[in-house]
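Peer 1: If you use my numbering, the sequence shown corresponds to residues 1 to 222, in order.
No wet-lab data here; the hints were simulated from the structure.
Yeah, the Cβ is synthetic: ideal placement off N, Cα and C, and Gly gets one too.
The reader is advised that the hints may include incorrect statements.
Estimated spans, in silico, between C-beta atoms of each pair [what the hints assert, rightly or not]:
| # | residue 1 | residue 2 | range |
| --- | --- | --- | --- |
| 1 | Ala180 | Pro205 | 29 to 37 Å |
| 2 | Asp66 | Gly127 | 16 to 24 Å |
| 3 | Ala45 | Asp66 | 16 to 24 Å |
| 4 | Arg216 | Arg156 | 40 to 48 Å |
| 5 | Thr114 | Ala180 | 15 to 23 Å |
| 6 | Asp160 | Gly88 | 19 to 27 Å |
| 7 | Ala180 | Gly28 | 39 to 47 Å |
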Amino acid sequence: MMGAATRVRAKVCGVMSPGDAGAVASAGADYLGVILSPGFSRSVALAHAGRIYAAAPAKRVGVFVDADARHVAAVARELELDVVQLSGREPPGAVTEVAAAGPWRVWKTVHAKTGVPMAESAGPYAGAAHGILLDAWDPSLPGGTGRTFAWAGVGREVRDAIGSATFIAAGGMTPENAGAAVAALSPDVLDVSSGVESTPGAKDPERIRAFVEAVRRAGAGG
């Protein structure tokens with residue numbers, strides 16, 4: 001699996017329009033995420049997703065929640081995804097199936113739950129996924145809640161659990177706390193959604209730029 005990055009990369013998720021994708025491109029973010037499963041506040045129809053991705057040169061991340069593995073693979077091919085992010089309750093076997101179906105990377109979302117060690121939540125996916133995305137826990141939503149979690153000691157615990165897989169940190173990230181998050185967690189990628197929005201679902205170009213700059217400053221040393 002993929003090893004640690006030489007610098008921390010920035011991902012902007014929940015992008016819903018080509019205009020917002022253009023702002024992501026202008027800011028120089030590394031990854032652009034689109035919610036491709038229906039039923040969520042930032043979900044995007046597949047017919048519209050292609051136009052969003054085309055507006056930015058960033059790596060294309062498609063987010064799915066408890067979708068059939070064959071459907072995920074078909075969409076990933078159609079949209080030429082670089083990364084498939086599985087953010088539901090997909091078992092390791094399903095993650096392996098999606099990873100084997102094409103050239104894309106697969107990131108699996110797990111959640112920071114009080115009293116649940118990373119070895120239990122993330123460990124089972126370490127051999128199946130190319131990356132583990134750690135997000136705050138919310139019983140009603142798989143992500144994009146704007147909530148943070150206690151960072152102390154978590155970064156090392158995640159690394160111990162996932163080995164050389166890519167570590168993506170999410171959960172309440174903002175331009176204001178990005179530097180502290182990088183320092184505390186030492187992720188390969190820092191992921192933001194609601195933290196760079198002016199209104200729900202609408203990205204703010206200045207906040208996107210500030211977030212990417214904060215990640216770059218904090219992670220400049222690798």
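Peer 1: Can you give the numbers of the hints that this structure goes against, from lowest to highest?
Peer 2: Numbers 1, 4 and 7, in rising order.
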